[in-house]
Each structure stands twice: as structure tokens, then as C-alpha cells.
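Colleague: Residue strings, one per chain:
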Amino acid sequence: MPAAPSAADVLRGTLDLLVLKTLTLAPMHGWGISQRIQQFSRGVLDVNQGSLYPALQRLEQKGWIESEWQTTENNRRAKYYSLTRAGRRAVGDEAASWRRYVEAVELILQVS
Amino acid sequence: MTSITGLRARLRALMRRRAAERELDEELRFHIEMETEKNVRAGMRPSDARWRALRDFGGVEPTKEEHRDVRGRWLEELVGDTRYALRTLRRAPVLATAAILTLALGIGANATIFSAVNAEILRPLPLANPSRLVMLWEENPEKNWHQQVCAPANAFDWKEQVKAFQDVALYFEGGGQTTMTGEGLPQILKTAGVTGNFFDLVGVRAQLGRVLTPDETWSVSGVARTAVISDHFWRERFAADPRIVGRSIRLDGQPTEIVGVAPRGFSFPVEGADIWQPMAWKPEFRDQVFFRRAHFVRAIARLAPGATPEAADAQLQTVVSRLKQQYPATNKYMGAGLTPLHRFLIGDTQLPLFVLLAAVALLLLIACANVGNLLLVRAAGREREVALRLTLGAGRGRLAKQALTESLVLSVLGGVAGVGLGVAGTRVLESILPPGMLRTSHFTVDWTVLGYVLAIVLGSGLLFGIAPALWAGRRSPAESLKEGGRGGDTRRMRRWTELLVVGEVALAVVLTLGAGLLMRSFRELVRVDPGFDPRGVLETRIVLASQKYDSAARVRLFFDELLRRTAALPGVVGAAATRVAPLAGTTYTSDFVIAGRPAGEYYTEIMHRPVTPDYFRVMHVPIRRGRAFTAADRADAPSVVIINEQVAAKYFKGQDPVGQRLTFDKVPNDSSQWSTIVGVAGGERQQALSAEPLTEVYIPFAQEPSQGMSILARTSGDPESIGPALRRIVSELDPDIPISDMRTMEAIRVKSLARERFLMTMLVIFAAVGLLLAVIGVYGVLAQVARRRTREMGIRIALGSPIGRVRWLVVRHGLGLVTLGVGIGLAVALIATRGLGALLYHVAPADPVTFVAIPLLLALTGVVAAWIPALQASRADPAIALRSE
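Chains as they are written, first to last, in our numbering: chain A, 1 to 112; chain B, 1 to 885.
Keep in mind the hints are simulated off the structure, nothing from the lab.
Idealized CB from N, CA, C, for every residue including glycine.
Hints may be right or wrong, so weigh each one.
What the hints assert, rightly or not - Some chain A residues near chain B, calculated using beta-carbon distances under 8 Å:
hint, residue
1, His29
2, Gly30
3, Trp31
4, Gln49
5, Tyr53
6, Arg76
7, Ala78
8, Arg99
Using the sequences plus the hints, can you model the full thing?
Modeller: Structure, rendered in C-alpha cells:
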């Protein structure tokens, strides 16, 4: 459920890319990732929490990210995710294929 | 599972399911708390903030569920399914017990037979680097010899001249007997006579003392002075005395030093050997002609490093052709060759083992069909439950998996029980296996056997689980949920069960036909006339090994006196002696020439049997022409022989052999000894009941005395009752002479059938069990059919249809299934029983009698199996039957 009426749900296939991209900056916990995605998209994209955690699990199984329990600035335990080497490579590939997709959709939209 | 890390994450998740759950909880709680704090910062009241955070999250539990899905849950599902399966099985204890017992029977039989296959064929020989060992053999097309024992002189030439052989060792096939005296009662030891290099060649060290040394092959005195004893002999006879080495024992009257103890379990080349003794041949034998003419040793070689068997064989052939030219008198027709040792030793034991293995495999398949049917029938009973679960959203794949898990749980339980049965089975097999049938006589359920069992457990679980699984995954819930609904699904399931029944009937036909053929063959064998009358005759073997009997006169004197005293015993009708009792083995063969035939014409392979004069009367061997031997055929009397019918038919066609003369030389010369044929005797079977009599010549014992003789006493009553008296006579004559077993000739006749009887009995048992299972299967399915048609029958009977015709409906159904199964089984059996050909005596693999009788028997059994449910269904009161659904 969107937090604000204007926000759009993240398309399922693109969530992985967004998570990976977010993690290129720094290791982050699940909540932090969802906040960042919201911030970077200037509030347009809202991550459905129900799909965020399964996505993290999926990415970990793919070997693109790894997790570790750490302490936050506020001295609380949280599970931090960071990119693996394979994950770093994957960001590039995923981003490229996303751009191709967007261009293709754009081309089609321009037809009419 | 795209990468190692991923795999690790999955595994970790599986292993630590609980930890993973806890982590997930904590992670999500952290998320909610952070969200709540954020909401508080945005100005909400704490309680509202938390509620909002939870709402935004969109449900914690579904998230967890999805998370779990991604984590991978097949193991969880497996555990769950297994629990579910165990629970449902517990709820149906009769079905579960029946299924597990059926499977345990099939798997246990397989484990037992496979343990024998494993010990005999799969496990490497207990020798160093056994794959480099080859058996060397000689052959002679003129005498129809294949892979025969070797002449020592030839084998020594190969050893010296074939570079691809690292070494060649010789041994006496089947071992010999040695008499141990001076340690209490005289005892006969099972002895392996080997060349001194034998232990080095097979790479076996002594556990105590030393093994034999190469120089011990030869001995100027011609007498072995040393012996290596086996572990079991050391333990049983000498209480594992650690100071046994160096001790002297008397063997065949000779003081012999025990030089070492062989390792535990080592009993090559003689199964159960007590001692190994060196050949101790006199060195001059090497150049004597008998050493090249007489074939009496087995030769094994170790291939030189890097040499292939092919290269070795090529070199061997070169040496063989050189020997042919060098020694034409003895080697003109002698060929030689080599076979990997293990394959050679397995030899003819392979076929019976594979037949048994095939039989138990068929048995297991039948068991699987039965269990599959049981499960299907039960699945039908649970139709509503399954339909309900489908409607509630259970995946079809999931249901199929669950059904399959249930089958696997059953097969694993059956497998565990089967291994137990298998362990017991190997003990039984060891005790009922005829001695000498296999090379090994000790079977264990080791890792190889367990691996095999695991494979068949999983295989059979999948096999009988497939039908119920497909069934579970394919139903339409709407049909099943309809009250009393019996749509196409039920029909489809009936197809399955009928298919299984047809299949198991076909398998049972194949199995029963195989057993039937062996039974027919065995009956033929039992009816074979061995050429003598075995009833009422006691046999025992006496060997005069000691130096006391070093002259022919002394040997004659001993046996004459022994027979005289034995014949005088009360209850004894007559006593005689022969070199080897009939059906107990062969003596030796030679070439021969008949006087008056064209020069250069000679014949081969006539067997020699020295007998005392009363032999023919005692054994009831008929004299067809001429006369039997008499006391007048003494050593100094003219040399005489009696030929058997086979010699007369083969070499004296249309002539009267009596009065003709022959000599046992290929090329007679002035020193040849000619013997006159004084009679023709009926042929006796020498080797086994299944082997036609060989051409044989009887020789008066007085004219060819031998130190080892079989004593035969015909009695008027129970032959075994004279045993103690016979023993007393022998020990009165010489207390140092041991008496080996005393056996009746009837026992020898029975023993010569032991292998055939064993194989037949095993197959008949397997076939009986298979048949029983198949009948149960037919009955089970028809009972279902009948129950389903009870209503219809009620209507028919109510409308006045004769009860007989109503019953016929069910019986006809069963008969149709059985007939189809029998037909398929017959077609398969026609091909499959060809493999039995070599095991059958006077019965063709496609024996018409068997191929008509067995299917009829099966069809009849099928009718009976169908009749019972038909009877039950038709007896039902129409009024009740009509309300039955």
C-alpha cells in the first residue's frame, strides 16, 4: 500500500536493480534501503515492504549481496546488506538492460 | 542456485531454519521500529505511529511467508510430507504393514542374492594387485580340452621364456589331502600344494613366521618338509599358539616344520585350506617326459610391469609353437592361452547367480506392483479429502509430491526391514549353499550391498509411487466432491490398477516358467540311471600315505585284508574298492591303441578305473558281454581289462570287443603292455548325473594298485549301521590311518544333484512368493471391481438374471486381465528363458509342456482369485446392494 497517494509502487522486476544501485553507495539495512529509494526518487517510488525483504533474500541467494548484523548509529542491531563483487558487476548489467527497456518503451510511445 | 554463495545461503537457511526465522523476525521488527520513529519525528503520537508503520508495511506474516518461499522450503516440505506420510500410514496400520512386509520380502531377497554376487563377482580377489594376475591354461582340440590344467614342464618353459610374465606359480586345482598323525587322532588336512614362489606371486605375507620360498619348489628327496598353516587351523588346532613357528608335526608320516601362519581369511587357491605345502619336486623331473605329458597343475602368472594381457598372450603363443616343434610327441596338439584370474575363477558360477538375481528382481517388481495397487486403492478412498485440499488451493504438484513422499517413506521402511531380512538371508544362504558351488562361501552385507539396496529402495519407491502420484495430481475436484460422483477419474484409476495387475501377472508368468523349467530339468536328472545301484552301499576313502606302504605288494596286502574283513561283517553282502567312486569324480585319462587296427591309428581320452574283482557285483554294474574280474586276475596273471558300453559302441562298432587287445600308448613299441578285453560293462556316470558316461576302462586293482581307494560295502540293511565296525577294522589294521567321512552312495548321488536342487529350490520359492503376490493383486483388484458392481449386480439379480451369469461378469473381467498378463508373460518368457539353456538337462528352454502347464496353472489361479469376490458380491441381498451407495 502506497504511503502517499502520489507515490507509485515499484515494478517488481526493477526492485532488484534499485536495491543493488542503492547499495553501491554504502552498506545499508532494509529500512534504510527503502528510505533511500524513496528519497532518491524524490518520493515518487515507494517500496512495498512486503516485496523488499524477499527481494533481499533472493539477491543474497544469487550471491549479489551479502548480509551482516551490525550496530546502527543509535546503537541498535540491524542487518546490513552490502554488494559482493558479483553484485557490483550485476548492477552494470541490470542498469544497461533497464535502459534498453526504457528506450524501447519510449520508442513505442513516440509512434503515435 | 546460481553461485556458490547462493547455494551456501540456501544451505545455511535449511540447516538453521529456526535461526533464520529469528533473524527475519528481528529484521522486520527493526524495520517497524525505524518506521515508527520516523512517524513520531513527523509528529504522530507513538501509538498512532506504530499502527501506521504496521499498516504501511502491509502485513508482517505474508512477508514472512514470501521470505520463506524464497529461502527455499523443499526440505521443510520433505520433513512435513514425511511426517504426514508416517501419520497416514499409522492411521492405516494393516495397509502399511502389508506394504512394508511385501517390500521387505522383495528387498531382503535382493539384498541376499546381491551379497553373494558381490562376494563372488564384484569384490576383488584378496590378493595384491589382482588385476595383474592371469590364469594360464592349455587346450587340445584333438582331445577336446578347453582351458585345461597344465603340464608342469610346459608351464616352467613359459615362466622362463615369456618376458611379459613377471613370474608363474603352479598349484594343484581343488587341493589334496594330507594325513596328520601324532597329534591325537589321525586327521585329514585340506592341503594346497603350491610352488615355492606362490605366496610371493600373489603378494601375501605371513602373519607369523614366513611364507614358502621359491627354492622349496624343488627338493632332492622329493618330500615336502615345510608347511604354512592357515589362520583357522592355527586357532582351532593349536589354540593360536604364538610360538607355533618352528614346531614339527607329522604329515603323511613325515616330520614337517610349520614355518608360518597365513593371514586371517586367506584361503586361496583352496577354499578352506588347512595348510600350504611346497611341491618339493625332484629336480630331475624337469627333464622327464611325464612332466610334459601329464597335465595336472594350474598355472597363474603375474604380468610384468607395463605388459598388457594381449602382449603376454602373443609372447605365449610364440613359446607354445616353439614347444610344439621341440617336443612333438607330447606337444604337437597342445595350445595355451590366458584369462584374467578373477574372470576365470568366476567361470561357471556366474550363470546361476545371474539367474537368481533376475528371479529376485522379478519378485521385487511384482512386490512393487502390489504395493502400487494398494496405494491406488487407498488413494481412491481418500478422494474426497484430496479434492477438498485442491479446492482450498493446494497445488497439484504439491499433492503429487506428497503421494510420492508417502511411497518413498514406505519403500525406505521396507528397505530397512529388507536389510534385516537380507542379513538373516545371507546366513541362511551360507548354510544351504552346496559346498563348492561358489568360490566364496562367506557373504556379508557390506557398503556395496547397502548401496545396491538403497538404489533399489529409491527405485522401487519411485516405481510404485508413480501411479498414485500421477493420480493425486490429476484429479478434478468438482467430480470427486459430487456426492456419489464417479466420473472419468475413477475409470482412469481402474485403468492404472488393471495395468499393474496385468504387469504383475506377466512377471509372475516369467518367474514361474523359469522355475517350472528347472523343475522339469531336475525331474529328468533324478530319473537318470547312474549305471549302478546306489541304494544300500556305504563308501569311505582310504589313503595309504605313509612310507609304510611304499610297495605295490604292501598296498595290495592292506586292501585285500581290509575288504576280506569288511565282507565278513554281519549285514554286509559284499565289499569292493575302486580308485574313485562313481559320481564322485574322474581319475585320469590316456590315449590307447587297439591291436590289429591300421598303423598310426590311435584314440584319445579313455578313463582308467582300477577296481577289485567284486566291484561289479557290489555296485550292481551289469556285465553285458564276457566276464567280470576274478581273484585269478592277479598281478602276475595276464593283463586284462573290461571296457564300458561307451567304448564298445564308439570303437568296436559291429565287432565283438571281447578277446581283442589294447595298449595305453599312442605309438606302441616293444615295451608296450597289451591287455586283453575280457568283458563289457554297462556305463557308469563318473562326474555327475547330468554328464553322460565317459569312455572308460576297468583294470584289476591287483594289476594297477593305488594307495588311495574308495571302499564300497553293500549291506542288506541300513548301510550306515556298519560304519563303526568298518572304522574298527581300519584302526585294527593301522591306527595311523584316518577315516574321512563315510557316505552312502545314495548320499553321493544326492550330492551330485546339489547345485541343481539348490537352484531349483530357490527359484521355486521365489516363484511361489511371486505367484502368491500376483494372486493377491488379482484378488485385490477384482474385489474392488466387484464392490463397485454390487449395485449393478443387485439390480440384475432383482430383475431375475441368474446368479451364475452375474458372477460370470466379475470372473470374466478377472480372466481377461489374467489372460492378457499370461500372454505378455509368455512372449517375454520365450526370450528370457533362453538364458537358462545351459542349466537345463534334457529340457528345451521353450519346453512345450512347461509353457502350456504353467500358464494354465496361472489362469486357473486367476479364476479362483476372481471367483471369491464374485461369490461375495453376488451373495449380497439385492435390497441391501441397491442401497449400498
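Colleague: Now tell me, hint by hint, if it's right for this structure.
Modeller: Right, here's what the structure says about each hint:
1. Using the Cβ-Cβ criterion of 8 Å, the hint placing His29 of chain A at the interface with chain B is satisfied: the shortest such distance is roughly 7 Å.
2. With a least beta-carbon distance of about 6 Å to chain B, the hint placing Gly30 of chain A at the interface is held under the 8 Å criterion.
3. Because the smallest distance between the Cβ of Trp31 of chain A and any Cβ of chain B comes to about 4 Å, under 8 Å, the interface hint for this residue holds.
4. Among the interface hints, the one on Gln49 of chain A holds; its C-beta lies about 5 Å from the nearest C-beta in chain B, closer than the 8 Å criterion.
5. At its closest, the beta carbon of Tyr53 of chain A sits 5 Å from a beta carbon of chain B; the interface hint therefore holds under the 8 Å criterion.
6. The interface hint given for Arg76 of chain A holds, since its Cβ lies 7 Å from the closest Cβ of chain B, which is under the 8 Å cut-off.
7. With its C-beta approaching chain B no nearer than about 5 Å, Ala78 of chain A sits inside the 8 Å limit, and its interface hint holds.
8. The beta carbon of Arg99 of chain A is not positioned within 8 Å of any beta carbon in chain B (closest approach about 23 Å), and the interface hint is therefore violated.
Checked against the numbered hints above, the structure violates only hint 8.
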